[in-house]
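Given chain A, work out where chains B and C should sit, using these hints.
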Amino acid sequence: MYLKNALRAATALTFVATAAAHAQTITIATVNNGDMIRMQGYTDNFTEATGIDVEWVTLEENVLRQRVTTDITTKGGQFDIMTIGMYETPIWGANDWLVPLDGLSAEYDVDDILPAMRNGLSNDGTLYAAPFYGESSMVMYRTDLMEKAGLEMPEAPTWQFIREAAAAMTDRDNEINGICLRGKAGWGEGGAFITVTANSFGARWFDEDWKPQFDQPEWKDALTFFVDMMNESGPAGYATNGFNENLSLFQQGKCGMWIDATVAASFVTNPDDSTVADKVGFALAPNAEGVDKRSNWLWAWALAIPEGTEQADAAKQFIEWATSKDYIELVAENEGWANVPPGARTSLYENPDYQAVPFAKKTLESILSADPNNPTVKPVPYVGIQFAAIPEFAGIATQVSQEFSAVYAGQQSVDEALAKAQAFTAEEMEAAGY
Amino acid sequence: MARTVTTRRKTLNTAFAWAVGLLIFFPILWTILTSFKTEAQAIASPPIFLNFDWTLENYAIVQERSDYMRFLWNSVIIAGGSTILGVIVAVPAAWAMAFVPSKRTKDILLWMLSTKMLPAVGVLYPIYLLFIQLGLLDSRGGLVVVLMLINLPIIVWMLYTYFREIPGEILEAARMDGATLKEEILYVLTPMAIPGIASTVLLNFILAWNEAFWTLNLTAVDAAPLTAFIASYSSPEGLFFAKLSAASTMAIAPILILGWFSQKQLVRGLTFGAVK
Amino acid sequence: MATQHSRSVARFMMAPAVILLLGWMLVPLTMTLYFSFKKYLPLRGGDLGWVGFDNYVRFVSSSTFWPAVQATLVIVGGVLAITVVLGILLAMLLDQPMWGQGVVRILVIAPFFVMPTVSALVWKNMFMDPVNGLLAHLWRFFGAEPISWLSEASMTSIVMIVSWQWLPFATLILLTAIQSLDSEQLEAAEMDGAPPLKRFYHIILPHLGRAITIVILIQTIFLLSIFAEIFVTTGGAFGTRTLTYLIFQRVLESQNVGLGSAGGVYAIILANIVAIFLMRIVGKNLDA
Chain A
1 MYLKNALRAA TALTFVATAA AHAQTITIAT VNNGDMIRMQ GYTDNFTEAT GIDVEWVTLE
61 ENVLRQRVTT DITTKGGQFD IMTIGMYETP IWGANDWLVP LDGLSAEYDV DDILPAMRNG
121 LSNDGTLYAA PFYGESSMVM YRTDLMEKAG LEMPEAPTWQ FIREAAAAMT DRDNEINGIC
181 LRGKAGWGEG GAFITVTANS FGARWFDEDW KPQFDQPEWK DALTFFVDMM NESGPAGYAT
241 NGFNENLSLF QQGKCGMWID ATVAASFVTN PDDSTVADKV GFALAPNAEG VDKRSNWLWA
301 WALAIPEGTE QADAAKQFIE WATSKDYIEL VAENEGWANV PPGARTSLYE NPDYQAVPFA
361 KKTLESILSA DPNNPTVKPV PYVGIQFAAI PEFAGIATQV SQEFSAVYAG QQSVDEALAK
421 AQAFTAEEME AAGY
Chain B
1 MARTVTTRRK TLNTAFAWAV GLLIFFPILW TILTSFKTEA QAIASPPIFL NFDWTLENYA
61 IVQERSDYMR FLWNSVIIAG GSTILGVIVA VPAAWAMAFV PSKRTKDILL WMLSTKMLPA
121 VGVLYPIYLL FIQLGLLDSR GGLVVVLMLI NLPIIVWMLY TYFREIPGEI LEAARMDGAT
181 LKEEILYVLT PMAIPGIAST VLLNFILAWN EAFWTLNLTA VDAAPLTAFI ASYSSPEGLF
241 FAKLSAASTM AIAPILILGW FSQKQLVRGL TFGAVK
Chain C
1 MATQHSRSVA RFMMAPAVIL LLGWMLVPLT MTLYFSFKKY LPLRGGDLGW VGFDNYVRFV
61 SSSTFWPAVQ ATLVIVGGVL AITVVLGILL AMLLDQPMWG QGVVRILVIA PFFVMPTVSA
121 LVWKNMFMDP VNGLLAHLWR FFGAEPISWL SEASMTSIVM IVSWQWLPFA TLILLTAIQS
181 LDSEQLEAAE MDGAPPLKRF YHIILPHLGR AITIVILIQT IFLLSIFAEI FVTTGGAFGT
241 RTLTYLIFQR VLESQNVGLG SAGGVYAIIL ANIVAIFLMR IVGKNLDA
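Respectively, the protein sequence lines represent chains A, B and C. The first sequence lines up with residues 1 to 434 when you count with the UniProt record's numbering. The second sequence lines up with residues 1 to 276 when you count with the UniProt record's numbering. The third sequence lines up with residues 1 to 288 when you count with the UniProt record's numbering.
The reader is advised that the hints may include incorrect statements.
As the list claims (entries may be wrong) - Just a few of them, taken from the derived set where beta-carbon distance is under 7 angstroms, the chain B residues facing chain A:
#	residue
1	Tyr128
2	Gln133
3	Leu134
4	Asp138
5	Ala220
6	Ala231
7	Ser232
If you're looking for bench data, these hints aren't it; they were derived computationally from the structure. Just so it is clear, CB atoms sit at the ideal spot from N, CA and C, and this is done for glycine as well.
Same shape as in the complex, but just chain A (with noise of 0.2 angstroms):
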């Protein structure tokens, strides 16, 4: 500890006449999502303009929400900046644990920044951290596969006609699956692909009065579906799969279909790791016939600052860095357009450059579609698509996933999973206090 700090003064007397505040170091708490490893290569760049240096603590996803929460719900101060979600924000914001994102420079333009995570970053109207990059969720299809089944797929599927879709194109010799999807335990993972699947049969998770729904029709049709499309053209063992496991099938040429987040498309058209990059289709999430709502998701990973921290000023200048638009033509002039962090800013969509990448167009027409108030068709209490954002919502999403994913491992029935799930839900909100 002595050395180190000897070694930084020493460094700062050398550089005294360059950078005085070299001394400066923030914390960055960061999810291991290859967008934000892009960003940690670009990390130089950042500290050469400023002369604070950037200490990086990378970790998996899981790992990440339990390491913040607890730092930030005990005033840890282990962060300066912590990369969280659209599901934390608002609530830790509410919480006055954040700082809020005002007085930012001209040149940034927060108002660039898409409406829709805006708002879903914000509470009350107030900016709590700014998306490093945005998703929604939408078909990703192979061209080939489905030109080979005699199929033409629509701007805007249906379920019934993915599902035949799905079965048109699966050939189990070939090891070719019609459709992959997640169906992994987790409240982020699986918990929201059902969510939003579910959302598209026209089921909420709560009544107006805050009481589960998992005992009413439009849950068991959605999960009933899902099953059956799952096990007649879906992979093995899909309970287990989540947005890597799926991404990984599908950059191997394993799936037809594969329906999940729109930042993925950039992954699988990658040449460098996908077998099968020029030959993706994109279209709109799908809804089930006579719903008006369809299965698209909203999310962003944001960079946030955690209340307390004594460097506040300069994690608002790595923020305004990393979720600029001077940072998204960096990544443009090294890497290509199509690897920019996406759905973001409104400018990079009106950006010619960015209009030629071939799933520009349906990943925003996809997030500017997605609703947090309205997330599907019956009114709901709460804000979010494909979580509720109540700090109960994570621990019960998750347990309720857990029942769900024992129903595509085959352990449990349709019928036997909505019970629990009902019964686990209701008595989690009582303890709640709702």
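Structure of chains B and C alone, referenced to chain A:
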């Protein structure tokens, strides 16, 4: 050990034992092999065993993403520090229990072991708050103390069982010759107990090295050891078997090598008093 | 033999260890007890007042409680059974004369050095993955449908992974014990024409009694609190939610510290029940 065996039986024993040994070792071997493959070869079907283009690319990628040496150094300091501190606290206690036993000695020993049963997750919140109060978050010192406390019962017990095997008469004799307590411990007891102490140190170093709950939850940057290093590789996007293997190999290699080199000491002492 | 003086010296020498452990036990325990009687929801403003035994009642009456206790006992019992049985067999095998005994021993103890997180990651991804896992390849090679281990055989899989990690420990302790066995006694029995099975039951097994107790005791302590293996592989799904994992979900996922703390107190009680049960056996064996 004058059992005579036929060559045939010995050959059979050898073949069978090697087969079992390789089977048990296989997951580690496979991980190491995979770490030298490209991502595509790592998931090739049918799997490729040896016949692939050996590459160090994965190690380069992992090193570029996270500074391995810093994590390694923290692991060494934390595991080493907690073990040394633990032995310093435990030797006198174990000595007292072994040579001046009272009716309550066994109860104390068993009580010590029972402190290990407190589930860590249940007390994360209190301990985290305590660490904030004491300013110990993300400090190696704090982790050294926590891991020392976690492993102390095991250290005491192991040392106690070794000390008990040392015949009391030798100590009596030394005392007759006018040795002080300090001399007795330093010159008589310690040399005899060295194999026991060595294996205690080794076992606890391994346990501390592999502890993954507190080391992950109480650190951020300055004190983060290899358990935190591996936490950023568990589910990267896309194909990742090779990179995961490289990171895994880097995380376990130091302790594996240490374990192999010192396995004689480890094995010799690892009895917990199981042998009378 | 022990004088009054040496007794007080002994007490003095034990003091640091005892005081430290007492602190390590009492401080968290007191804080856990304190929280367990509170409605404490960090995301809803923190301390919301005393609630008596509400948390305790809620924790046991939840539909997840008994399955969690059961899962805990199944994992501990399963791993103990596998490691002890295979450990004895392996120890007897390694005790036989052979070439390269040292190397074989190195191979066998290696898994013990692997961090739980790494071993869970490796097993989950590279072996048990139903598409790209090695076991899936093996199954396909024999024309069978690959198993999705972690969902269809979740409990078996976790017991397998944990057993792999702990088998070396059991083997080593049992091996040391076997090596101390008087070989003349065995040879005498062999001369008398006692069949191998009989020799095993009447000579080897009784001799190993003490070592087996130790293995069970030490492993139980560690197994009751396994966490990383479940966190990485199933995340508590498919009936693998142990008591420890349930507490984790309450405290961290649901952010209900009061409820989780009550769970912590139950876990301590369960651990102590198991401990007392064990101590009675061990205590007898240790005195012998």
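Indices of hints not satisfied (ascending): 2 and 3
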